[in-house]
Amino acid sequence: MSKDPKPVAILMIEDDEGHARLIEKNIRRAGVTNEIIPFRDGTSAVNYLLGSDNSGRNAIGRPSLVLLDLNLPDMTGIDILSRLKANEHTKSTPVIVLTTTDDAREIQRCYDLGANVYITKPLNYDSFANAIRQLGLFLSVMQIPEPD
Amino acid sequence: MLRSGARRFVGYNLLLLAGGTVVLLMIVSAAFVFSSRSLLHATESLKAARVDRLVLEFISDLVDAETAQRGFVITRNEAYLAPYETATGEFATDSDDLRLRAAEVDEGRAIPPGPVDELIALGKEKMKLVSHNLEEFRAGNLDEVRLVIASDRGRVLMEEIRQKGAAIRDTAAAVRIARAAAMRESASLLTTMISLGVAMIVVLTTGAALVIIRHLKEIDDARNELVDINQELESRVRDRTEAVMRTNDELQRYAYIVSHDLRAPLVNIMGFTSELETSAEQISAYVRKTADDPSDPERAEVLLAVDQDIPEALGFIRSSMKRMDSLINEILKLSRAGRRVLEPLPVDMQALVTECADSIRQRFAEAGAEVRIEGRLPDVVSDRSALQQIFTNLLDNASKYLKEGRPGEIVVRGRLERGMAIFEVEDNGRGVAESDFERIFELFRRAGVQDRPGEGIGLAHTRMLSRRLGGDVTVKSDGESGTTFVVAVARDLGLRMGRNEA
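The listed protein sequences correspond, in order, to chains C and E. The first sequence: position 81 = 81 (this note's numbering), numbered continuously. The second sequence: position 398 = 1398 (this note's numbering), numbered continuously.
Treat the hints with care, since some could be wrong.
[As the list claims (entries may be wrong)] Computed cross-link-like contacts, EDC-like style, restricted to lysine to aspartate or glutamate with a CA-CA straight-line distance of at most 20 Å:
(1) E:LYS1164 / E:ASP1152
(2) E:LYS1403 / E:ASP1436
(3) E:LYS1333 / C:ASP103
(4) E:LYS1476 / E:GLU1434
(5) C:LYS91 / C:ASP79
(6) E:LYS1333 / C:GLU106
(7) E:LYS1333 / C:ASP102
(8) C:LYS25 / C:ASP126
(9) E:LYS1476 / E:GLU1438
(10) C:LYS25 / E:GLU1277
(11) E:LYS1128 / E:ASP1096
(12) E:LYS1322 / C:ASP102
(13) C:LYS25 / E:GLU1275
(14) E:LYS1476 / E:GLU1426
(15) E:LYS1289 / E:GLU1301
(16) C:LYS25 / E:GLU1281
(17) C:LYS25 / C:ASP15
(18) E:LYS1322 / C:ASP126
(19) E:LYS1400 / E:GLU1480
(20) E:LYS1164 / E:ASP1052
(21) E:LYS1400 / E:GLU1424
(22) E:LYS1333 / E:GLU1442
(23) E:LYS1124 / E:GLU1136
(24) E:LYS1128 / E:GLU1057
No lab work stands behind these hints, which were simulated from the structure alone.
Using the sequences and the accompanying hints, generate a full structural model.
Put into structure tokens, the structure is as follows:
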């Protein structure tokens, strides 16, 4: 904490525009002002995270937090998660999995691959909004390590 | 029922066996006939031989008597008279014997009694002549004796006796020769017959062996064919099972994806409905504050819209979403249950059904119903939790749809039938109309008066589970006096699964 850490960017990988909008709204309502970078598909998110050379070096000095939806048009969230956690530069980047299913095996699989938090998007909007706001609180106190 | 091949085989073999038996019987009876004939020939031959011997003895008696008489005459020694006495005694018995025995040969047909009687008569005459000479000699009438001897009558008599004896002996010999020839013929016939019989038996045995070999080959061919058919059947069953499993997998995946992907738009609808509600409240508050002119004809309409129409619309959207969510959740639950890996283990069904009934005892008490297990339920090797689900669903259903004013009585019974365990859950409730027999097992479908809570999931779930356990569930009801659900599951699920995997 000696030097002023760079603000954490929130990388939101979510193909559903509505979900993205609701998530953003609730994050803002929670008072979180960090930059939110949205991705509508897996490929562009992976390119941003690991770079076009797949080395992950462009993540150095760029602290971020990933909000990951599991159902994406071009690849599964599980693929992205395992690639992030397999790369030495991005493996410490926190990943919060957001999905519609509460299937116990899928949840377990995400945790096994190194997901930090797993949030089910409930149909009950209040609890959804609540979960996102708590995530905002969590973000405001969380120390995100800078990749190196 | 025998196959036609087997029938033919048995037919052929019976035929061959009958043939063999006939041949053996023929050989045995021929042996009997020939041996009894041989015995007859031998007996007759012996009788002829005895006659021959008796003729010789008869003549020898006469010779002995004459020799003894001559010895006495020449030596005057009394000692010679003893053989004489013996010879005359034997002559008497031998004569009788000869007559008797000669009549026995071929029942008297071979040696006519005439010549024998003549011989005996001549013998007696000769004997009388010898005794006459002896008496004359003792009396001292030597001239008389000399006269008799000189008359040559004794020698002539003896000559005649020898000729007649020889004739009888020739006849007897002829009989013996004829009988011996007959015996030889008999024996050779028997030999021929036995050889023929043996040959026939060899032929029959060979035939039987050929039939057996052919039959064995047929059996072998049939077995090979059966093996082929079995293999084909097995591969077909395997293909079919794989296809069914693929279909099942696809369905499960489909259900999973549908429920999963249906949720995403719902999240939006719910989310933005809430956003809309918030905005509507803001608008409502603002309208109330700003539109304060009661004479404005638009004010009443706007207020109606913000106070009633918008909240009502949002309320319907919300309740429909909730309903849709719960349906999706049920599909998801069903899809998960369908994907769960079954664990076949020995299950004490009596204990399991008792446990299921206990778990919803409260509901039975409220409904005033009783559950009874009739007899002893058969044990199975199956998935415990699936069975629990099935019986809890059925018992729960039975307690839910009782007839008003009739104390509920639920009976569970079970039996084994061709590798399946079949259980019945019978109630005396309101029953199910026949037109609903299939419908009640469909997802989200219910039948009868809709006065009980429920999603129409339980029986669909029960059907899916019982099918996964290698069986099915069906319903029987007359539509008024009660309902019987019949659940069939594989008695040994492990065996069935093992076979499908193989």
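**Request:** For the pair we were handed, LYS1476 of chain E and GLU1426 of chain E, check the Cα-Cα distance against 20 Å.
**Result:** Given pair LYS1476 of chain E, GLU1426 of chain E holds - Cα atoms ~9 Å apart, limit 20 Å.
**Asked** CA of LYS25 of chain C to CA of GLU1281 of chain E, is that 20 Å or under?
**Response** OK: LYS25 of chain C and GLU1281 of chain E at ~18 Å, within 20 Å.
**Message:** Between the alpha carbons of LYS25 of chain C and ASP15 of chain C, is the straight-line distance 20 Å or under?
**Reply:** 16 Å, holds
**Message:** Against the 20 Å threshold, does the CA-CA distance of LYS1124 of chain E and GLU1136 of chain E hold or violate the hint?
**Reply:** 18 Å, holds
**Prompt:** Can the restraint linking LYS1333 of chain E and GLU106 of chain C be considered satisfied, given a maximum Cα separation of 20 Å?
**Reply:** With a Cα-Cα distance of about 14 Å, the restraint between LYS1333 of chain E and GLU106 of chain C holds, given a limit of 20 Å.
**Asked** Keeping to a limit of 20 Å between CA atoms, is the pair of LYS1322 of chain E and ASP126 of chain C held or broken?
**Response** Holds. LYS1322 of chain E to ASP126 of chain C sits at ~13 Å (cutoff 20 Å).
**Request:** Quickly compare the C-alpha distance for LYS1403 of chain E and ASP1436 of chain E to 20 Å and report which way the hint goes.
**Result:** Holds, at roughly 18 Å.
**Prompt:** Can the restraint linking LYS1322 of chain E and ASP102 of chain C be considered satisfied, given a maximum Cα separation of 20 Å?
**Reply:** 17 Å, holds
**Prompt:** Given the hinted pair LYS25 of chain C and GLU1277 of chain E, is their alpha-carbon gap at most 20 Å?
**Reply:** 15 Å, holds
**LYS1333 of chain E paired with ASP102 of chain C [C-alpha distance capped at 20 Å]** = Given pair LYS1333 of chain E, ASP102 of chain C holds - Cα atoms ~11 Å apart, limit 20 Å.
**Message:** Holds or violated: LYS1128 of chain E and GLU1057 of chain E, Cα atoms, limit 20 Å.
**Reply:** 18 Å, holds
**Asked** Are the Cα atoms of LYS25 of chain C and GLU1275 of chain E separated by 20 Å or less?
**Response** 10 Å, holds
Of the numbered hints given earlier, the model fails none.
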